[in-house]
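Asker: Protein chains in written order, with the numbering used here: chain R, 95 to 211; chain B, 3 to 249; chain G, 765 to 901.
Read the hints as simulated data drawn from the structure, not as lab findings. No experiment lies behind these values; they were computed from the predicted model shown. You may find that some hints are simply not true.
[Said to hold, decoys possible] Over 12 Å on every C-beta distance to chain R, these chain G residues come out as not near it, computed from the model:
hint, residue
1, Tyr771
2, Glu773
3, Phe774
4, Trp792
5, Ala808
6, Arg869
7, Gly871
8, Asp877
9, Ile878
10, Met899
[What the hints assert, rightly or not] A short, non-exhaustive set of chain G residues, derived as facing chain B with CB atoms under 7 Å:
hint, residue
11, Trp778
12, Trp787
13, Phe797
[Unchecked claim] List of simulated lysine-lysine pairs, DSSO-like, C-alpha gap at most 27 Å:
hint, chain 1, residue 1, chain 2, residue 2
14, R, Lys182, G, Lys873
15, B, Lys116, B, Lys219
16, B, Lys240, G, Lys873
17, B, Lys219, G, Lys796
18, B, Lys146, G, Lys796
We treat Cβ as the ideally placed atom computed from N, Cα and C, and that holds for glycine.
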Amino acid sequence: MRQPSNEPILWVLFSAGGVISALFIPALLFLNGLAFPMDWLPSPDHGRMVELLRYPVAKLLVFLICSLPLFHWAHRFRFTLYDGLQIKHLNEVIGVLCYGGAIGGTAAAGYLLWNLA
Amino acid sequence: MAETIRLEVARYRPEEETEPTFDAFEVPFRKDWVVLDALNYIKDKLDGTLSYRWSCRMGVCGSCGMMVNGEPKLTCATFLSSYRSGTVRVEPLQNFPVIRDLVIETTDFLRKLKSVKPWIVAQNGASSQQGEFLQTPDQLNAYKQYSMCINCLICYAACPVCGLDSHFVGPAAIALAQRYNLDSRDQGSDQRLDILSQHEGIWGCTFVGECTQACPKQVDPAGAIQRYKLTAATEWLKSLLPLGSAK
Amino acid sequence: MKTASTYTEFHPRWHRTRISTYWWMGRWAYLKFILRELSSVFVACFVVVTLLQLQALNRGPVQYAEFQRWLQKPSVIALNGISFLFVLFHAVTWFNLAPRALVVRIGGKRIPDIAIAAANYVAWLVLSAAIAWLMIV
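Chain R on its own, in the form it takes in the complex (with noise of 0.2 Å):
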């Protein structure tokens, strides 16, 4: 008889997110984080992001990177404080904290992409 647990919904999310997070942050941050801010390459101004927003296709890729990655993190760092730093008493606040700002910012991606019409 199976018991009911959390496990394989949170793992698929882990790896999910571990795998938008390793195809597509490193080239995201790289332009916004390093080469536009630094001009080593020509940067995007207000009107050309909105207008590659516009599409719903990018729409949905740019909330999927806004959301999955942050539910990996949360799956990761949950483990890591639970035996990192063998705080296993802690284990449900540090999951409420964890899953809870993961759910908060794919509802913030959510709130945001919408708005931009």
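Given chain R, work out where chains B and G should sit, using these hints.
Answerer: Relative to the frame of chain R, chains B and G by itself:
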């Protein structure tokens, strides 16, 4: 004057002391000696009260696992010559209770191993009267690597989660579960999934990977666990879909 | 220390070593593992910065220009620089470990790990190039 090498061996005498101590021994250094030879020399000639496990002395029984200079090793497969320049520190395998000296308590592991049903769960009604199971070499290769496990528990000593979390089933048990899950003759995947997909059955694993590094038989338990996580997650996703295959 | 030992119901008390809070400093492999796990913090950092970017976009060109100026502050550049290194570390360790979980057997033979890893790296390069092209051209 023959060459010697210094061994610092952990001792724990529960009827005399509450904490482990170390005894130092000067043991003859021979190029072809392993740490187990040194321990046998100590027991024969220097201190007969030293307690430790060993059997085959050739790396197939899994009895002689101990910490050598902080790393879990089979003492029958670890040469003294690797440690020529310093002392050899021998301690009982990490993450297990110590009964005495270098002897550890393994009942917890045996319980976890049994819980994953490490045997062929045959089809209903199958019996030996119907003839033997047939298996191609490719079907054998699907699980062969995981069948090489000798239950030496070195992976449990290498894995930090095994020490931190007593509910974690552990690398060897999961690798052995996989050995049977992937065996074409076995029908027990679902039963094992029930046990292992509970919290910390397999989910305690954070893929540190030290178990695979330490394994003396190249079983790759870390790989077995990650594959199993994928299987368990896929099964869970499938159970969400109303495909009429409800259990 | 020699004191009378305590007995449980059936045997002398076994000795259980308490794991130190600093167990992860005991071995280089453990430390590398913890650093790999902490790379997820910098992944989350990137998402937070991206959310701020989306918020600035929502507010209009003036606010967005101000956000772009904020990105040029030395402290922010430093944070993003360190984040980039950790995110790179995450990507490399992720792609190198992926073949251990994704075992694909075709015709009874297992696809070699290096092929799976290579496929991941190729996808990474293609997607990164596409993103760069979209944002620059």
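Asker: Please go over all the hints and tell whether each is borne out by the structure.
Answerer: Tested hints:
1. Tyr771: holds (29 Å)
2. Glu773: For Glu773 of chain G, whose nearest Cβ neighbour in chain R is about 27 Å away, the distance exceeds 12 Å, so it holds.
3. Phe774: holds (28 Å)
4. Trp792: At roughly 16 Å from the nearest Cβ of chain R, Trp792 of chain G sits farther out than 12 Å, so the non-interface label holds.
5. Ala808: violated (4 Å)
6. Arg869: holds (20 Å)
7. Gly871: Given that every Cβ of chain R is farther than 12 Å from that of Gly871 of chain G, nearest at about 27 Å, it holds.
8. Asp877: Consistent with the label, Asp877 of chain G stays out of reach of chain R, its closest Cβ about 17 Å off (over 12 Å).
9. Ile878: At about 17 Å from chain R, Ile878 of chain G clears the 12 Å cut-off, so the statement holds.
10. Met899: violated (5 Å)
11. Trp778: holds (4 Å)
12. Trp787: Constraint on Trp787 of chain G satisfied, holds at 6 Å.
13. Phe797: It holds, given that the least Cβ distance between Phe797 of chain G and chain B is near 5 Å, below 7 Å.
14. R:Lys182 <-> G:Lys873: violated (43 Å)
15. B:Lys116 <-> B:Lys219: holds (21 Å)
16. B:Lys240 <-> G:Lys873: With a Cα-Cα distance of about 26 Å, the restraint between Lys240 of chain B and Lys873 of chain G holds, given a limit of 27 Å.
17. B:Lys219 <-> G:Lys796: Within the cut-off at roughly 24 Å; holds.
18. B:Lys146 <-> G:Lys796: violated (31 Å)
Consistency with the previously given hints fails for numbers 5, 10, 14 and 18, ordered from lowest to highest.
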